[in-house]
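So the protein lines, in turn, are chains A and B. Just so you know, we're using the working numbering here: the first sequence kicks off at 38 and counts up by one. Just so you know, we're using the working numbering here: the second sequence kicks off at 379 and counts up by one.
Rather than coming from a laboratory, the hints here were simulated on the basis of the structure. The reader is advised that the hints may include incorrect statements.
Claimed, not checked - Straight-line C-alpha distance at most 16 Å; calculated EDC-like pairs for lysine to aspartate or glutamate: (1) B/Lys583 <-> B/Glu432; (2) B/Lys402 <-> A/Asp86; (3) A/Lys108 <-> A/Asp48; (4) B/Lys583 <-> B/Asp635; (5) A/Lys76 <-> A/Glu50; (6) B/Lys409 <-> B/Glu437; (7) B/Lys409 <-> A/Asp86; (8) B/Lys594 <-> B/Asp480; (9) B/Lys621 <-> A/Asp60; (10) A/Lys108 <-> B/Glu432; (11) A/Lys111 <-> B/Glu391; (12) A/Lys76 <-> A/Asp48; (13) B/Lys481 <-> B/Asp453; (14) B/Lys409 <-> A/Glu50; (15) A/Lys108 <-> B/Asp453; (16) B/Lys588 <-> B/Glu432; (17) A/Lys40 <-> B/Glu391; (18) B/Lys402 <-> A/Asp48; (19) B/Lys621 <-> A/Glu56; (20) B/Lys584 <-> B/Asp545; (21) A/Lys108 <-> B/Glu396.
Said to hold, decoys possible - Simulated coverage check for chain B against chain A, where a stretch passes if three residues somewhere in it have a Cβ under 8 Å from a Cβ of chain A: (22) 540-547; (23) 609-622.
As the list claims (entries may be wrong) - One-sided and incomplete, this derived list gives chain B residues near chain A with beta-carbon spacing under 8 Å: (24) Gln384; (25) Ile388; (26) Asp404; (27) Cys417; (28) Ile553.
Virtual Cβ for every residue (Gly too), placed ideally from N, Cα, C.
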Amino acid sequence: MAKSLGDVVIDIEKCKGCELCIDACPQETLALAPRINQKGYHYAIKVQDNCTGCNNCALICPDAVITVYRKIVK
Amino acid sequence: MGIQVQEIPINPEIVQDENLLYCKPDTLTPKPFHYCPGCGHSTVHKILMEVVAEMGIQEEIIGVAPVGCSVFAYDYMDVDMQEAAHGRACAVATGIKRMMPDKFVFTYQGDGDLAAIGTAETIHAANRGENILVVFINNAVYGMTSGQMAPTTLPGMVSTTSPFGRDVHTMGYPIKVSELLATLPAVAYVTRQSVHTPGNVRKTKKALQKALEYQKQGLGFCLVEIVSNCPSNWKMTPLESNKFIDDKMIPYYPLGDVKVPEVK
């Protein structure tokens, strides 16, 4: 069965920490960082290596800071 | 300190150009949005510009920006834009479309702009069947001026000018703009969507694409109403505001197509 491996790259300086991506992620891959960015927001980071590249986080992200990569492994 | 959160580095085997699934569209400028965290405006900017990029019409589309939170829409959308006086976006778009009928024209308006000060312009542009797309963001308050009651504020909803909740006996009922405009014969396509879940974002994107295709065919006035949130003025977190959309907004403003053109 083909397996879908994904990864996300987050532009942390533009993230406003609204948590919508964390709620939208079915895999609980994302969480808020304990650190803050230049704007003073806790930004989203990847905390688990189980992304499937479903694209939900990037679609819901209001600030378009998430870039999604997906690789299908046979 | 709470739970220790460990950041995981990116996987260089997956993060390669050939595996790219989704990135910020080129039709948006690199400038970060000024909107509050979790605001639906920026999501709508993003998907509208994605549709423009996918249809390859960046050079052929002209937008009209409103007054309201989205007054700086022209800073973010990398297409030709024109700022209109408060509420007059449909009138300006009418002029642009009549002078340049081969271009795509859209207006981007909030509920204060479209449903309050610009009601007359909107209704008459719709009644004339102007071949334009109107993107209407309904977040039930006047966002930019700090949360006064809008014509679309829900019954009983607290805002700064209705501190005891909107009383429908003295302040009237919320206007359902989509249903109102759908009764006009010259209106081609009216739909109500939202951007509070990834699934709804996908549906809204499809609706915007459909509306631009109808404009290409010259079918007439298209309205895409988007039920959105305003976490700052609703005094909620972005997640709570999305739940409020599900619980309170959608029962009053049901999602779906209100009017679709007849298939030729």
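Against the structure, the hints:
1. Proximity of B/Lys583 to B/Glu432 is assessed by CA-CA distance (about 11 Å); at most 16 Å being required, the pair is judged to hold.
2. Taking the CA atoms of B/Lys402 and A/Asp86, the gap is near 23 Å; set against the 16 Å cutoff, the hint is violated.
3. A C-alpha spacing of about 21 Å is found between A/Lys108 and A/Asp48, which places the hinted pair above 16 Å, so the restraint is violated.
4. Taking the CA atoms of B/Lys583 and B/Asp635, the gap is about 13 Å. The hint holds against a cut of 16 Å.
5. Between A/Lys76 and A/Glu50 the alpha-carbon distance is near 7 Å, which keeps this suggested pair within the 16 Å criterion.
6. Between B/Lys409 and B/Glu437, the direct Cα distance comes to roughly 20 Å. Violation of the 16 Å bound is thereby established for this hinted pair.
7. Using a Cα cut-off of 16 Å, the hinted pair B/Lys409 and A/Asp86 is violated, with the two alpha carbons roughly 30 Å apart.
8. Taken as a hint, the B/Lys594 and B/Asp480 pair is honoured in the structure, with Cα atoms around 8 Å apart against an allowance of 16 Å.
9. For the hint pairing B/Lys621 with A/Asp60, the CA-to-CA distance comes to about 11 Å; that is within 16 Å, so the pair holds.
10. For the given pair, A/Lys108 sits about 22 Å from B/Glu432 by alpha-carbon distance, which is inconsistent with the 16 Å threshold.
11. With a C-alpha separation of about 15 Å, the suggested pair A/Lys111 and B/Glu391 falls inside the 16 Å cut-off, and the hint holds.
12. At roughly 13 Å between alpha-carbon atoms, A/Lys76 and A/Asp48 fall within 16 Å of each other, so this suggested pair holds.
13. A distance of roughly 21 Å separates the Cα atoms of B/Lys481 and B/Asp453; the hinted pair therefore is violated under the 16 Å criterion.
14. Only pairs whose Cα atoms come within 16 Å are accepted, and B/Lys409 paired with A/Glu50 is accepted, the gap being roughly 12 Å.
15. A threshold of 16 Å between alpha carbons decides the hint, and for A/Lys108 with B/Asp453 the separation of about 34 Å lies outside it, so the pair is violated.
16. The suggested pairing of B/Lys588 with B/Glu432 holds, with an alpha-carbon distance near 12 Å, which does not exceed 16 Å.
17. For the proposed pair A/Lys40 and B/Glu391, the alpha carbon gap of about 15 Å is at most 16 Å, so the pair holds.
18. As the CA atoms of B/Lys402 and A/Asp48 are separated by approximately 11 Å, the hinted pair is consistent with the 16 Å bound.
19. In summary, the hint linking B/Lys621 to A/Glu56 is supported, as the alpha carbons are separated by about 13 Å, within the 16 Å threshold.
20. Between the alpha carbons of B/Lys584 and B/Asp545 the distance comes to roughly 36 Å, so the proposed pair goes past 16 Å and is violated.
21. Using a Cα cut-off of 16 Å, the hinted pair A/Lys108 and B/Glu396 holds, with the two alpha carbons roughly 9 Å apart.
22. Counting residues of the stretch 540-547 of chain B whose CB lies closer than 8 Å to any CB of chain A gives 0, which falls below the minimum of 3, so the coverage claim is violated.
23. Against chain A, the stretch 609-622 of chain B contributes 5 residues with a C-beta closer than 8 Å to a partner C-beta. That satisfies the three-residue criterion, and the hint holds.
24. Proximity of B/Gln384 to chain A holds as hinted, the smallest CB-CB distance being about 6 Å (cut-off 8 Å).
25. At its closest, the beta carbon of B/Ile388 sits 6 Å from a beta carbon of chain A; the interface hint therefore holds under the 8 Å criterion.
26. A cut of 8 Å between beta carbons decides the hint on B/Asp404: the least distance to chain A is about 11 Å, and the hint is violated.
27. Interface hint status for B/Cys417: upheld, as the beta-carbon distance to the closest one in chain A is roughly 6 Å, under 8 Å.
28. The interface hint given for B/Ile553 is broken, as the beta carbon of that residue sits about 26 Å from the closest beta carbon of chain A, more than 8 Å.
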